[in-house]
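Q: Spelled out, the chains give:
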Amino acid sequence: MITWLAAVLLGSIPGGWLFRFLGQKLTNNRPYFRDMGFGMAFGYVLGAAILVSAIWMYIVSWSTAGAIPDTYFFYRTAVHGLILFAIMGVAFLWFGRLVGTAGTRKLFRSMPVTAAFGILIIILYAICAIFADFIAPYGQEEVLGNANVVPGGNPALGGNPDFPLGTDQIGRDILSRLIYGAQNTVGIAFVTTCLAFFLGVTGGFLASTLRGWTDQVLSRLVDVLMAIPALIFALLLITAASSLFTGFGLTVAMIVIIAVIDATRVFRLARAVGMNIVVMDYIEAAKLRGEGLGYLIFREILPNATAPLLAEFGLRFCFVFLTIASLSFLGVGIQPPLADWGTMVRDLSQFINFASFAPQVSAVALLPALAIALLTVAVNFVVDWMLHKSSGLKE
Amino acid sequence: MSDQLVKIRGLKIEGRSDETWNPIINGVDLDLNKGEVLGLIGESGAGKSTMGLAAMGFTRDGCRISGGSVEFDGIDLVNAPAAVKRGLLGKRIAYVAQSAAASFNPAHKLIDQHTEAPTQHSVQSKAESEKDGIELYRRLRLPDPDNIGFRYPHQVSGGQLQRAMTAMAMSCRPDLIIFDEPTTALDVTTQIEVLASIRDIVEQFNTAAIYITHDLAVVAQMADKIKVLLKGDEVEEADTRTMLSAPKQEYTKSLWAVRSFQRPQKPAVNVGATPVVSVQNVTAAYGTVPVLFDVSFDIHAGRTVAVVGESGSGKSTTARCITGLLPPKQGHIEFDGQVLPLDYRQRDKNQLRQAQMIYQMADTALNPRKTIGELIGRPVQFYSGKTGAEKRKRVDELLEQIELEPTQYFNRLPSELSGGQKQRIGIARALAAEPKFIICDEVTSALDQLVAEGILKLLADLQDKLGLSYMFITHDLATVRAISDEVVVMKDGKVVEQGPKDQMFQPPHHPYTDLLLSSVPEMDPDWLTTLLKERGVDNIGDAAVDKMA
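Chain order of the listed sequences is A and B.
Residue numbers are given in numbering that gives the first Met the number 0: position 332 of the first sequence equals residue 331, and the series is strictly consecutive.
Residue numbers are given in numbering that gives the first Met the number 0: position 221 of the second sequence equals residue 220, and the series is strictly consecutive.
FYI, nobody ran anything at the bench for these hints, they're computed from the structure.
Accuracy of the hints is not assured; some may be wrong.
[To be verified] Within a straight-line C-alpha distance of at most 27 angstroms, the following computed DSS-like cross-link-like pairs (lysine-lysine) qualify: (1) B:Lys392 / B:Lys369; (2) B:Lys369 / B:Lys421; (3) A:Lys105 / B:Lys490; (4) A:Lys286 / B:Lys224; (5) B:Lys348 / B:Lys392; (6) B:Lys435 / A:Lys286; (7) B:Lys456 / B:Lys265; (8) B:Lys90 / B:Lys6; (9) A:Lys286 / B:Lys390; (10) B:Lys490 / B:Lys532; (11) B:Lys385 / A:Lys286; (12) B:Lys369 / A:Lys388; (13) B:Lys84 / A:Lys24; (14) B:Lys421 / A:Lys388; (15) B:Lys435 / B:Lys421; (16) B:Lys385 / B:Lys464; (17) B:Lys265 / B:Lys348; (18) B:Lys33 / A:Lys286; (19) B:Lys369 / B:Lys348; (20) B:Lys328 / B:Lys385; (21) B:Lys348 / B:Lys11; (22) A:Lys286 / B:Lys392; (23) B:Lys421 / A:Lys286; (24) B:Lys265 / B:Lys230; (25) A:Lys286 / B:Lys265; (26) B:Lys6 / B:Lys33.
Let's have the full structure, built from the sequences with the hints guiding it.
A: This is the structure:
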């Protein structure tokens with residue numbers, strides 16, 4: 000394998016030179032080839048080599064399909080997933096360009112495919128979360144008798160068409176739990192992020208507007224909170240809270256604890272953004288008019304800080320979401336029997352051991368992880384696009 | 000070998016915005032011979048800078064050359080390979096940017112940035128280039144030329160940086176230098192030094208130059224011939240003297256005529272009248288750094304007091320003391336004979352309403368996320384309590400006062416307005432409070448001359464109609480001459496001289512006032528030469544030329 004890799008890398012060196020040379024000759028010295036650096040030509044050839052080997056691997060994978068053990072199962076699934084998502088993204092983008100008001104059509108025209116894909120995924124997750132009761136075939140806590148059904152719905156491989164994604168050790172339907180998981184995990188993460196933003200933005204703008212002692216006290220408090228590793232701190236506080244609350248109360252306590260810890264990061268950003276805005280003459284003009292603090296913060300500063308804050312909201316949402324999943328995985332997050340992706344990964348984690356000889360079985364544990372990863376990627380695509388847009392507007 | 004250095008034919012440049020390509024330059028020709036200086040003038044948005052950069056075969060991001068040709072010494076720059084351009088730029092063509100402070104890398108010493116181009120192009124070794132740099136600093140009359148290069152950009156003043164940048168452009172002895180508004184950001188007294196140094200060094204090395212500026216008087220000193228641009232089209236081109244004495248086109252004539260606006264001196268104020276604003280023995284400091292020393296002056300009803308001085312002289316600080324943003328350490332401010340609380344937070348709504356402010360940069364003075372209606376409506380509602388239709392009516396009135404059509408502008412955002420229109424909105428916002436007194440902080444210095452004149456006329460009309468008093472902070476003496484009744488000259492936080500305008504513009508002057516007045520460029524092409532002779536600074540560095548040649 001290593002010699003093979005080395006051969007591709009070394010082969011790309013003369014390949015790159017040849018590629019550039021041929022490009023120059025065939026296009027009659029077009030500026031693009033004429034001014035091309037060697038590194039760029041090398042990159043093109045190497046990229047092409049990797050693409051070719053990926054396609055070749057996919058063709059090979061069909062020869063082992065259905066066999067046990069199916070070595071290329073995950074690779075084939077990944078390729079199928081990628082193609083499916085790409086088609087979905089492009090279709091959604093074209094849909095957005097043709098349908099809707101003039102404003103949204105214009106928005107979609109300037110949107111990259113990645114952002115369209117991200118928006119689509121977020122919409123799908125939102126639908127799952129809001130209409131979980133109608134979409135899910137079974138209840139999230141319902142024990143259906145058939146334990147450890149393999150996903151895929153193929154009886155020959157140990158599946159059951161009634162449970163397309165299989166069941167867990169005590170016979171709960173995985174698909175239903177994934178859909179309810181969207182409601183629990185994503186819903187709680189959203190509420191937590193909103194609370195973190197409310198605290199962080201208010202504090203940050205207060206600090207940047209008032210300066211002096213307010214700024215010192217708030218900033219040092221935030222420093223102290225940030226000095227303690229976030230996950231361990233959350234673990235500590237939730238463990239302490241669990242002696243006071245149970246059930247729903249504990250979930251609320253978790254939301255508040257994570258919100259406060261994440262608000263420290265939001266505070267830093269809001270303070271820095273606010274500092275740049277409060278030095279503007281229009282803030283001075285508002286101060287000299289005799290405007291109150293509330294007007295200054297929410298009517299003068301906030302509208303000008305929306306772009307960076309919105310981008311941060313997307314990222315922060317991912318972090319909060321991952322923190323909740325991690326805490327659930329560690330057993331202190333969302334409490335059973337509520338379905339939650341983090342808890343599901345933990346409960347099903349022993350199936351990962353089957354990956355080498357029964358990939359379909361191990362996929363059970365990877366499905367909730369995939370759900371987490373997909374949302375994180377989708378949100379980041381959208382955030383990237385928004386950041387790009389806001390920085391382009393500022394100039 | 001012909002004498003022609005730059006030959007631009009039918010140049011067309013387009014810029015991309017809102018997914019379409021919009022023309023910036025529509026087919027302009029330009030010829031420049033060796034050792035010749037061409038002045039490019041026009042308002043902002045005329046395409047001067049784009050044209051200057053195109054002479055280097057370069058366009059800004061988002062722009063493209065869509066037609067025409069650019070030839071530099073016989074080399075076609077539009078189609079030249081990147082490698083050829085790399086060999087020319089910095090070595091044979093150099094560029095001096097408007098803001099030297101923003102163009103130097105703050106992390107490296109001046110001399111290290113100076114030696115970059117010559118060593119990169121293998122013109123000189125690093126040691127040779129350093130020696131040469133010091134020599135150039137000397138000829139550009141930088142103070143302490145032996146050591147100044149070993150400082151960082153933040154350790155030298157703006158005018159010195161601009162000269163260091165000119166030295167840097169000279170480092171490879173290029174055939175062509177493009178100066179993009181090199182003195183616009185400088186004070187008049189500093190501007191003179193930079194202009195004199197640039198002119199001398201360009202003459203000494205017989206370098207061709209394209210000098211881009213919007214200041215006619217400056218270009219008159221520098222250029223052999225002048226080209227006037229308007230919205231991407233050439234208006235006319237002629238020899239400097241011909242152009243100044245006999246411009247052909249209407250547009251050029253209107254540019255020339257701008258400086259003529261002047262208000263007559265008003266009669267003296269009655270003795271014993273209470274001034275609207277009286278600044279009394281104000282001393283102020285930022286932290287422990289003192290900036291104002293015992294400043295006193297009065298502003299009477301319906302009068303304009305111009306406060307003049309270089310940057311750092313304490314003009315704006317005085318304004319901050321009056322508005323209460325910076326409470327003075329000693330002294331106080333009286334308004335209509337009553338002492339105002341020093342801090343604005345302790346003033347009541349009525350006291351705040353009476354004194355309003357208009358800012359230099361309308362871009363930062365107007366909240367970009369609010370519509371014009373909201374921007375002007377807020378002070379109306381805040382001070383008078385009007386809402387709904389009443390408020391709308393008042394906003395419409397104000398928009399009419401500043402000569403903007405209410406229905407057309409009410410729902411626009413500041414970004415959809417031109418610079419002059421934004422400044423008018425700033426005026427309307429101040430008027431919305433129905434003040435007695437307005438502080439105008441350099442309100443015209445960021446605007447083109449024609450637009451600035453419109454703003455000054457508007458302010459003068461409003462003063463006649465509403466009986467306002469203005470405190471007019473400026474460094475531009477043409478503006479002072481145009482609008483003021485009384486003048487206060489400041490230097491290093493002290494009032495140097497004050498009195499009625501007519502008296503101030505007549506000799507005898509205080510020596511500093513004299514320096515300021517004589518430093519304002521005039522349209523006469525011989526002005527700089529004459530002035531330098533008078534001041535006893537002959538064409539500098541003649542000895543140095545012999546040594547270097």
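Q: Hint by hint, note whether the structure agrees.
A: We went through each hint and held it up to the structure:
1. B:Lys392 / B:Lys369: Between Lys392 of chain B and Lys369 of chain B the Cα gap is close to 19 angstroms, so the pair holds against 27 angstroms.
2. B:Lys369 / B:Lys421: holds, 13 angstroms
3. A:Lys105 / B:Lys490: violated, 55 angstroms
4. A:Lys286 / B:Lys224: violated, 50 angstroms
5. B:Lys348 / B:Lys392: holds, 23 angstroms
6. B:Lys435 / A:Lys286: holds, 19 angstroms
7. B:Lys456 / B:Lys265: Measuring from Cα to Cα gives roughly 16 angstroms; hence the hint holds.
8. B:Lys90 / B:Lys6: With Cα atoms ~19 angstroms apart, Lys90 of chain B and Lys6 of chain B stay inside 27 angstroms; holds.
9. A:Lys286 / B:Lys390: At roughly 21 angstroms apart (the allowed maximum being 27 angstroms), Lys390 of chain B and Lys286 of chain A satisfy the hint.
10. B:Lys490 / B:Lys532: holds, 25 angstroms
11. B:Lys385 / A:Lys286: With Cα atoms ~20 angstroms apart, Lys385 of chain B and Lys286 of chain A stay inside 27 angstroms; holds.
12. B:Lys369 / A:Lys388: Since the Cα atoms of Lys369 of chain B and Lys388 of chain A sit roughly 20 angstroms apart, the hinted pair holds (cutoff 27 angstroms).
13. B:Lys84 / A:Lys24: holds, 22 angstroms
14. B:Lys421 / A:Lys388: Satisfied, since the Cα-Cα distance of roughly 25 angstroms is no more than 27 angstroms.
15. B:Lys435 / B:Lys421: holds, 22 angstroms
16. B:Lys385 / B:Lys464: holds, 23 angstroms
17. B:Lys265 / B:Lys348: Violated, because 32 angstroms separates the two Cα atoms, which is more than 27 angstroms.
18. B:Lys33 / A:Lys286: Between Lys33 of chain B and Lys286 of chain A the Cα gap is close to 56 angstroms, so the pair fails against 27 angstroms, i.e. violated.
19. B:Lys369 / B:Lys348: holds, 23 angstroms
20. B:Lys328 / B:Lys385: violated, 38 angstroms
21. B:Lys348 / B:Lys11: violated, 56 angstroms
22. A:Lys286 / B:Lys392: holds, 25 angstroms
23. B:Lys421 / A:Lys286: holds, 20 angstroms
24. B:Lys265 / B:Lys230: violated, 39 angstroms
25. A:Lys286 / B:Lys265: violated, 34 angstroms
26. B:Lys6 / B:Lys33: Holds - the C-alpha atoms of Lys33 of chain B and Lys6 of chain B are around 11 angstroms apart, at most 27 angstroms.
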